[in-house]
Amino acid sequence: MAYSEKVLDHYENPRNVGGFAKEDEGVGTGMVGAPACGDVMKLQIKVGKDGVIEDAKFKTYGCGSAIASSSLVTEWVKGKTVEQALEIKNTQIAEELALPPVKIHCSILAEDAIKAAVADYKKKHVA
Amino acid sequence: MLKFPIYLDYSATTPVDPRVAQAMIPWLTEQFGNPASRSHAYGWEAEKAVEDAREQVAALVNADPKEIVWTSGATESNNLAIKGAAQFYKGKGKHIITLKTEHKAVLDTFRELERHGFEATYLDVQEDGLINMEAFRNALRPDTILVSVMFVNNEIGVIQPIAEIGEICREKGITFHVDAAQATGKVDIDLSQLKVDLMSFSAHKTYGPKGIGALYVRRKPRARLEAQMHGGGHERGLRSGTLATHQIVGMGEAFRIAREEMKIENDRVRKLRDRLLKGLQDIEATYVNGDMEHRVPHNLNISFAYVEGESLIMAIKDVAVSSGSACTSASLEPSYVLRALGRNDELAHSSIRFTIGRFTTEEEVDYTIDLLHKKIGKLRELSPLWEMVQEGVDLDSVQWAAH
Ligand SMILES: Cc1ncc(COP(=O)(O)O)c(C=O)c1O
Ligand code: FES
Numbered sequence: 001m002a003y004s005e006k007v008l009d010h011y012e013n014p015r016n017v018g019g020f021a022k023e024d025e026g027v028g029t030g031m032v033g034a035p036a037c038g039d040v041m042k043l044q045i046k047v048g049k050d051g052v053i054e055d056a057k058f059k060t061y062g063c064g065s066a067i068a069s070s071s072l073v074t075e076w077v078k079g080k081t082v083e084q085a086l087e088i089k090n091t092q093i094a095e096e097l098a099l100p101p102v103k104i105h106c107s108i109l110a111e112d113a114i115k116a117a118v119a120d121y122k123k124k125h126v127a
Numbered sequence: 001m002l003k004f005p006i007y008l009d010y011s012a013t014t015p016v017d018p019r020v021a022q023a024m025i026p027w028l029t030e031q032f033g034n035p036a037s038r039s040h041a042y043g044w045e046a047e048k049a050v051e052d053a054r055e056q057v058a059a060l061v062n063a064d065p066k067e068i069v070w071t072s073g074a075t076e077s078n079n080l081a082i083k084g085a086a087q088f089y090k091g092k093g094k095h096i097i098t099l100k101t102e103h104k105a106v107l108d109t110f111r112e113l114e115r116h117g118f119e120a121t122y123l124d125v126q127e128d129g130l131i132n133m134e135a136f137r138n139a140l141r142p143d144t145i146l147v148s149v150m151f152v153n154n155e156i157g158v159i160q161p162i163a164e165i166g167e168i169c170r171e172k173g174i175t176f177h178v179d180a181a182q183a184t185g186k187v188d189i190d191l192s193q194l195k196v197d198l199m200s201f202s203a204h205k206t207y208g209p210k211g212i213g214a215l216y217v218r219r220k221p222r223a224r225l226e227a228q229m230h231g232g233g234h235e236r237g238l239r240s241g242t243l244a245t246h247q248i249v250g251m252g253e254a255f256r257i258a259r260e261e262m263k264i265e266n267d268r269v270r271k272l273r274d275r276l277l278k279g280l281q282d283i284e285a286t287y288v289n290g291d292m293e294h295r296v297p298h299n300l301n302i303s304f305a306y307v308e309g310e311s312l313i314m315a316i317k318d319v320a321v322s323s324g325s326a327c328t329s330a331s332l333e334p335s336y337v338l339r340a341l342g343r344n345d346e347l348a349h350s351s352i353r354f355t356i357g358r359f360t361t362e363e364e365v366d367y368t369i370d371l372l373h374k375k376i377g378k379l380r381e382l383s384p385l386w387e388m389v390q391e392g393v394d395l396d397s398v399q400w401a402a403h
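Protein sequences appear in the order of chains U and G.
Read in order, the letters of the first sequence are residues 1 to 127 in our numbering.
Read in order, the letters of the second sequence are residues 1 to 403 in our numbering.
Treat the hints with care, since some could be wrong.
[To be verified] SDA-like mimics (lysine to any residue), calculated; alpha carbons at most 25 Å apart, straight line:
| no. | chain 1 | residue 1 | chain 2 | residue 2 |
| --- | --- | --- | --- | --- |
| 1 | G | K378 | U | R15 |
| 2 | G | K195 | G | H103 |
| 3 | U | K124 | G | Q399 |
| 4 | G | K375 | U | E5 |
| 5 | G | K317 | U | S4 |
| 6 | G | K66 | G | A41 |
| 7 | G | K378 | U | A2 |
| 8 | U | K115 | G | S397 |
| 9 | U | K22 | G | D396 |
| 10 | U | K6 | G | F4 |
| 11 | G | K375 | G | A41 |
| 12 | U | K6 | G | P5 |
| 13 | U | K122 | G | V398 |
| 14 | U | K78 | U | D120 |
| 15 | U | K123 | G | M388 |
| 16 | U | K22 | G | E391 |
| 17 | U | K46 | U | H125 |
| 18 | U | K124 | G | W400 |
| 19 | G | K375 | U | Y11 |
| 20 | U | K57 | G | M388 |
| 21 | U | K57 | G | E387 |
| 22 | G | K100 | G | D128 |
| 23 | G | K317 | U | K124 |
| 24 | U | K115 | G | M388 |
Treat the hints as calculated values from the structure; they're not laboratory data.
Predicted, not measured: the structure shown is a model, and the values here were computed from it.
All chains, please: the whole structure from these sequences, using the hints.
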């Protein structure tokens with residue numbers, strides 16, 4: 001299958017690979033997907049006292065489009081507040097990476113990963 | 001000098017051997033006659049070429065040339081054999097048996113027969129990919145009329161015990177069909193010994209052209225089947241249609257070369273395959289799929305845990321191989337063959353089939369080993385699963401948020 005240049009770029013040079021300590025106060029961790037489906041994404045955000053995402057890291061087990069989608073969102077969420085991050089839609093990811101229809105679910109997974117990371121962060125901060 | 005991508009997908013298809021291509025050319029331009037033309041030299045010479053090729057094909061499998069029927073490939077041969085025999089014997093019974101790991105050309109033909117009132121049994125295979133003989137014996141019924149088992153599996157390269165199955169079928173008077181598309185030039189096939197009634201062949205898996213194949217139809221005892229293609233009555237009425245002389249000549253030459261060179265070639269190819277295996281086994285958490293002993297010399301199917309199949313294929317785009325994951329086809333279905341071996345979906349997804357061939361070099365194999373070491377390392381650094389395993393997490397105990 002032919003990949004867009006942007007997918008290839010993110011795939012060859014993934015941005016922000018890695019992770020933060022899960023327990024840290026300001027860290028939200030989202031893990032979505034399942035090995036049996038062929039894709040698992042782990043997205044972590046590090047949120048400052050002002051509610052702005054200072055840093056993000058990911059690891060992805062999945063196809064090239066899934067890796068590219070998660071690499072892209074780590075770039076996009078940085079500098080956004082957690083509420084702004086929730087506004088990132090899979091259609092924007094798919095458009096930016098020129099994903100073909102069969103790869104839309106990879107971008108959905110990336111959107112879900114953001115939601116899961118934010119939810120985890122919020123859970124730590126309810127009280 | 002390496003040429004990229006390195007071709008390691010000889011079970012998908014092979015290049016036409018240059019000697020084969022040479023042999024074919026005159027039959028396109030100069031000697032273009034219709035082998036069925038009885039009234040002039042153009043026809044006679046074409047007919048002779050067709051009959052010479054028939055002898056060459058028969059010689060590779062120790063059959064009588066009269067037992068070879070030309071078709072367009074193994075897909076058509078499988079259809080003709082399975083539908084033809086089932087229809088001929090439908091008055092005797094309606095039960096047919098095959099394996100879950102057969103090629104789609106067999107499985108889908110079985111499904112079609114089910115839609116026409118036949119009852120099919122799809123046998124599980126053992127973890128090593130081989131038929132379970134006891135399960136096979138137990139599946140036989142008084143109304144079983146046809147058994148179809150492949151000689152060599154296209155994905156994992158395992159060789160089924162055809163002789164043993166043939167004995168049982170013959171004893172019970174059941175027609176036995178064998179899809180040998182992946183076997184020619186790889187294993188010895190002696191149809192004077194094997195109790196096989198029908199056997200499918202394809203040229204393009206054995207350095208011949210695409211679009212030509214053959215079906216072996218035993219004469220003694222005579223295998224009976226109904227034609228599926230009607231028309232001018234070619235091939236003793238079993239398969240009508242003007243014979244493609246150039247294709248047939250190509251298949252004949254390809255099978256001649258296979259017969260003469262297979263011993264030396266298989267020794268060479270096996271050494272390369274074993275070199276590849278040794279090089280890849282150094283990588284942690286790799287699993288060979290399918291039995292290594294009852295296996296063709298050119299196949300290696302291996303799963304790399306914790307990396308996903310499609311991203312792996314993408315990472316190693318310098319080598320042309322097949323993946324056990326059909327992720328790209330939007331179905332997200334892992335290989336049904338690996339699943340039948342009891343491999344979990346994850347390992348099925350991350351499997352690669354390497355098939356080595358006539359033109360593979362040691363340099364290519366070494367390059368491939370090195371490339372895989374690098375890329376799997378890189379993908380595992382990216383893999384949350386690998387990270388969890390390193391931390392001692394049991395992945396089976398995790399509650400996944402499946403989507
Ligand atoms: C085991 C097996 N049977 C049948 C076929 C189909 O052969 P053909 O391409 O000649 O129709 C193949 C090739 O993909 C095969 O591997
Ligand atoms: S992860 Fe399988 S298609 Fe994207």
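These are the hints, each one checked on the structure:
no.	hint	in the structure
1	G/K378 to U/R15	holds (13 Å)
2	G/K195 to G/H103	holds (22 Å)
3	U/K124 to G/Q399	holds (20 Å)
4	G/K375 to U/E5	holds (20 Å)
5	G/K317 to U/S4	holds (15 Å)
6	G/K66 to G/A41	holds (23 Å)
7	G/K378 to U/A2	holds (21 Å)
8	U/K115 to G/S397	holds (23 Å)
9	U/K22 to G/D396	holds (21 Å)
10	U/K6 to G/F4	holds (23 Å)
11	G/K375 to G/A41	violated (60 Å)
12	U/K6 to G/P5	holds (22 Å)
13	U/K122 to G/V398	holds (22 Å)
14	U/K78 to U/D120	holds (17 Å)
15	U/K123 to G/M388	holds (23 Å)
16	U/K22 to G/E391	holds (13 Å)
17	U/K46 to U/H125	holds (13 Å)
18	U/K124 to G/W400	holds (21 Å)
19	G/K375 to U/Y11	holds (12 Å)
20	U/K57 to G/M388	holds (16 Å)
21	U/K57 to G/E387	holds (14 Å)
22	G/K100 to G/D128	holds (13 Å)
23	G/K317 to U/K124	violated (43 Å)
24	U/K115 to G/M388	holds (21 Å)
Violated hints for the displayed structure, listed by number in ascending order: 11 and 23.
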